[in-house]
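K.L.:
These protein sequence lines are chains A and B, in that order. In my numbering, each residue carries its 1-based index in the first sequence increased by 94. In my numbering, each residue carries its 1-based index in the second sequence increased by 94.
Worth flagging that the hints you see were computed from the coordinates, not collected in a lab. Mixed in with the good hints there might be a few duds.
Only pairs whose alpha carbons sit at most 20 angstroms apart, straight line, appear in this in silico EDC-like list of lysine to aspartate or glutamate [to be verified]:
#1 B:Lys518 / A:Asp138
#2 A:Lys350 / A:Glu371
#3 B:Lys518 / A:Asp106
#4 B:Lys304 / A:Asp414
#5 B:Lys508 / A:Asp138
2 protein chains.
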Amino acid sequence: MTMVDGQGPIPDARVLISGNRIQEVSTGNISPLPETDTVIYANDAIVLPGLVNAHVHSPMTIFRGMSDDLPLKTWLFDHIFPAEAKYMNPDSVFWGSLLGCLEMIASGTTTFVDGYFFAEDIIKATDKAGMRALVAQGVIDFPAPGVPEPEKNLDVASSFLERWINFSDLIMPGIFCHSPVTCSANTLRKAYEISDRFSLPLQIHLSETKEEVAEIEKMTGLRPVFFLDSLGLLNSKLIAVHVIYLNEDEIECLAKKDVKIAHCPESSMKLGSGIAEVARMLEKGLVVGIGTDGCASNNNLDLFGEMDATAKLAKVAGRDPTLLNAAKVLNMATVAGAKVIGLDNEIGTIEAWKKADIIIVDTNTPHMTPMYNPYSQLVYSATGGDVRDVIIDGKIVYRDRQFTIVDSDEVMEKVNSIGWRIFKERGNYI
Amino acid sequence: MTMVDGQGPIPDARVLISGNRIQEVSTGNISPLPETDTVIYANDAIVLPGLVNAHVHSPMTIFRGMSDDLPLKTWLFDHIFPAEAKYMNPDSVFWGSLLGCLEMIASGTTTFVDGYFFAEDIIKATDKAGMRALVAQGVIDFPAPGVPEPEKNLDVASSFLERWINFSDLIMPGIFCHSPVTCSANTLRKAYEISDRFSLPLQIHLSETKEEVAEIEKMTGLRPVFFLDSLGLLNSKLIAVHVIYLNEDEIECLAKKDVKIAHCPESSMKLGSGIAEVARMLEKGLVVGIGTDGCASNNNLDLFGEMDATAKLAKVAGRDPTLLNAAKVLNMATVAGAKVIGLDNEIGTIEAWKKADIIIVDTNTPHMTPMYNPYSQLVYSATGGDVRDVIIDGKIVYRDRQFTIVDSDEVMEKVNSIGWRIFKERGNYI
Numbered sequence: 095m096t097m098v099d100g101q102g103p104i105p106d107a108r109v110l111i112s113g114n115r116i117q118e119v120s121t122g123n124i125s126p127l128p129e130t131d132t133v134i135y136a137n138d139a140i141v142l143p144g145l146v147n148a149h150v151h152s153p154m155t156i157f158r159g160m161s162d163d164l165p166l167k168t169w170l171f172d173h174i175f176p177a178e179a180k181y182m183n184p185d186s187v188f189w190g191s192l193l194g195c196l197e198m199i200a201s202g203t204t205t206f207v208d209g210y211f212f213a214e215d216i217i218k219a220t221d222k223a224g225m226r227a228l229v230a231q232g233v234i235d236f237p238a239p240g241v242p243e244p245e246k247n248l249d250v251a252s253s254f255l256e257r258w259i260n261f262s263d264l265i266m267p268g269i270f271c272h273s274p275v276t277c278s279a280n281t282l283r284k285a286y287e288i289s290d291r292f293s294l295p296l297q298i299h300l301s302e303t304k305e306e307v308a309e310i311e312k313m314t315g316l317r318p319v320f321f322l323d324s325l326g327l328l329n330s331k332l333i334a335v336h337v338i339y340l341n342e343d344e345i346e347c348l349a350k351k352d353v354k355i356a357h358c359p360e361s362s363m364k365l366g367s368g369i370a371e372v373a374r375m376l377e378k379g380l381v382v383g384i385g386t387d388g389c390a391s392n393n394n395l396d397l398f399g400e401m402d403a404t405a406k407l408a409k410v411a412g413r414d415p416t417l418l419n420a421a422k423v424l425n426m427a428t429v430a431g432a433k434v435i436g437l438d439n440e441i442g443t444i445e446a447w448k449k450a451d452i453i454i455v456d457t458n459t460p461h462m463t464p465m466y467n468p469y470s471q472l473v474y475s476a477t478g479g480d481v482r483d484v485i486i487d488g489k490i491v492y493r494d495r496q497f498t499i500v501d502s503d504e505v506m507e508k509v510n511s512i513g514w515r516i517f518k519e520r521g522n523y524i
Numbered sequence: 095m096t097m098v099d100g101q102g103p104i105p106d107a108r109v110l111i112s113g114n115r116i117q118e119v120s121t122g123n124i125s126p127l128p129e130t131d132t133v134i135y136a137n138d139a140i141v142l143p144g145l146v147n148a149h150v151h152s153p154m155t156i157f158r159g160m161s162d163d164l165p166l167k168t169w170l171f172d173h174i175f176p177a178e179a180k181y182m183n184p185d186s187v188f189w190g191s192l193l194g195c196l197e198m199i200a201s202g203t204t205t206f207v208d209g210y211f212f213a214e215d216i217i218k219a220t221d222k223a224g225m226r227a228l229v230a231q232g233v234i235d236f237p238a239p240g241v242p243e244p245e246k247n248l249d250v251a252s253s254f255l256e257r258w259i260n261f262s263d264l265i266m267p268g269i270f271c272h273s274p275v276t277c278s279a280n281t282l283r284k285a286y287e288i289s290d291r292f293s294l295p296l297q298i299h300l301s302e303t304k305e306e307v308a309e310i311e312k313m314t315g316l317r318p319v320f321f322l323d324s325l326g327l328l329n330s331k332l333i334a335v336h337v338i339y340l341n342e343d344e345i346e347c348l349a350k351k352d353v354k355i356a357h358c359p360e361s362s363m364k365l366g367s368g369i370a371e372v373a374r375m376l377e378k379g380l381v382v383g384i385g386t387d388g389c390a391s392n393n394n395l396d397l398f399g400e401m402d403a404t405a406k407l408a409k410v411a412g413r414d415p416t417l418l419n420a421a422k423v424l425n426m427a428t429v430a431g432a433k434v435i436g437l438d439n440e441i442g443t444i445e446a447w448k449k450a451d452i453i454i455v456d457t458n459t460p461h462m463t464p465m466y467n468p469y470s471q472l473v474y475s476a477t478g479g480d481v482r483d484v485i486i487d488g489k490i491v492y493r494d495r496q497f498t499i500v501d502s503d504e505v506m507e508k509v510n511s512i513g514w515r516i517f518k519e520r521g522n523y524i
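With the hints as constraints, model all of the structure from the sequences given.
P.N.:
Written out as structure tokens, the structure reads:
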């Protein structure tokens, strides 16, 4: 499955990798293997481009399952915000994010778009895991983890970009504005100016709840999309996350400005926020990637589950089983994801001279048998647990379901001990 | 996790099994192990009752991914029905069902409720796999696989019950009426009389689509539930499947008559049929189990994914994150499932003298770390792939992710060859 536009699945294919790039994709009467260091056989398996998680807060693995099934405001103000203030620090962010990286790798994600605080510790974790990412420093006009003085939030973000922009070929720094409700017009405008100066993408949560839309309309007299447009924020480097409550004019405006969309169906379902009109967005030509959101509201980082939810939720919402077919959804998690992060010239498909970000999915199991249509199988039958091997930037980071460059036992132990401390301090879980 | 009402998770627990029954569940200062044949350690794992799949057509694994994302009528009349007529026979039903059994075992299901044609071959497969099940012969007033003359459908079903009722302690035969649209009033009444004579549950698809409800109202002047009530079908041994389009009076009527419900969220999502009001049903006291439906409309038999979908779909449909919390959903897939099949005195919880149907879920992975709340972890973070060991009726059928009593390679090979033949005859998959 190269995911190259117009190209179907290639049976008996061979992918040659040289350094960090794909050298050749061939099939048919395959010539003898050239001399090579490593051969991975993918019989009874599907080879496809690494998935792109278009929206995640990776350190929030720390809070996985800590407080679920609560009213939205109770969850946020009585659980998540206080826990973030108390327990998020460079150490927990590093280990939480590294655990998130391992979880993403083991479920076939090779690139992710992150937004959180202590972002430099996320970069360190991402680098250690060997992953590709856009890692953004959070900006919010309230005291936040690592940024106790909100008036300094943009200085922190700006220094973060300067410090990390040349750190690694695989990792881009960025800015993540929490939302147009929690960031002032002035903060949004400045965040955009800083991002623009570095030619980097800017992320923002947008129109996730009805209440948020009403609040912005009350404050500005404008629907959220047009409010951002009035600030000059809408362009091809803006990544708008969730975007559930849009009217027709807003969809058209986003499409015209080529704003990128990150769709997080499982999180929006679990929080009861609503259902984004993805089929409508695609129809209008918008680029829509798929994100898991953070582990506090999902509670996993498995893009296979998220693809399944993306397809099925669209169908039931529209009462139309033809909406978002499996091939389209797989495209969203690969090709569109690459576009969201602005790397579609480098990743998202398997073709010569692209970066070697490749995953191999085991199909030799009852739930992947028989095989009529690999798109259907990947979207509707597979889970992240079916991923057998992962290559990022030409490097094998996961082989036969074992991590090759990180000691996963150490990472789980660290996160368990952080979680255990939180658990003891917060009391019973039921 | 015993799932015993009012009992929370028990840390450091020990479950002793003798023969096919649980002998003792203990915790605390654990005394030395009694002399025993086999010890399975479950460190870094959760022990819980085997899951109950409340609705499946197991042989349909044969058609997994064969035809997806199509308009409902095209899918049914141009793909599924013709393929069933052409390719379903005792051989394909046996191997398809056996593959389904392996898939269910590997994802933690120990008991299932099946309804299809050639049901005796499903019984043979179930028996070979060592699973517990209610296996029902399909009844429909049209020519069907193995029942070319519809006027004989009830004779076939009746002989099936007689032949298999005493075959095995683990397997109950039953009747499955396709729907009140495809079975006449007379067929429904007689099917009920036959089931009742054997004191066996009767299954029926009910109110799955708006069109079906309209058709029954037009035909009978009654809403579907009241139509069944007028035929005398509503009682505690009726399993109503899907039940998406119900009004308030129908919910109350079903609750009053203690009709059992099988909720299949992923299938209803993928087919775009609609969203059953599960939270409302539970509020009214209905017993609601969770089913995967067949692989042609899901496309897997993983109840972990189905639990996740059950919780999240209810929340987003009701715009309320407190609906169907994780513990309730796990209850649906265990305790309520056992009630649906009428075996709640025997299975569904882990307690002394119940049948030993037990699964062990691995938690020593990034996506199951850290652990605050095992209910949340099982429903929102786990997939079927996390199941490590499965015991049914005291017998280990799956150990360290390996099947112990069935040669899974042989089964996959058989189903692949059936699938390959269908694939070649039907043409390209895209």
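K.L.:
Each of the hints needs a verdict: does it hold here or not?
P.N.:
Taking the hints in turn, this is what the structure says about them:
no. : hint                : verdict
1   : B:Lys518 / A:Asp138 : 18 angstroms, holds
2   : A:Lys350 / A:Glu371 : 17 angstroms, holds
3   : B:Lys518 / A:Asp106 : 17 angstroms, holds
4   : B:Lys304 / A:Asp414 : 13 angstroms, holds
5   : B:Lys508 / A:Asp138 : 15 angstroms, holds
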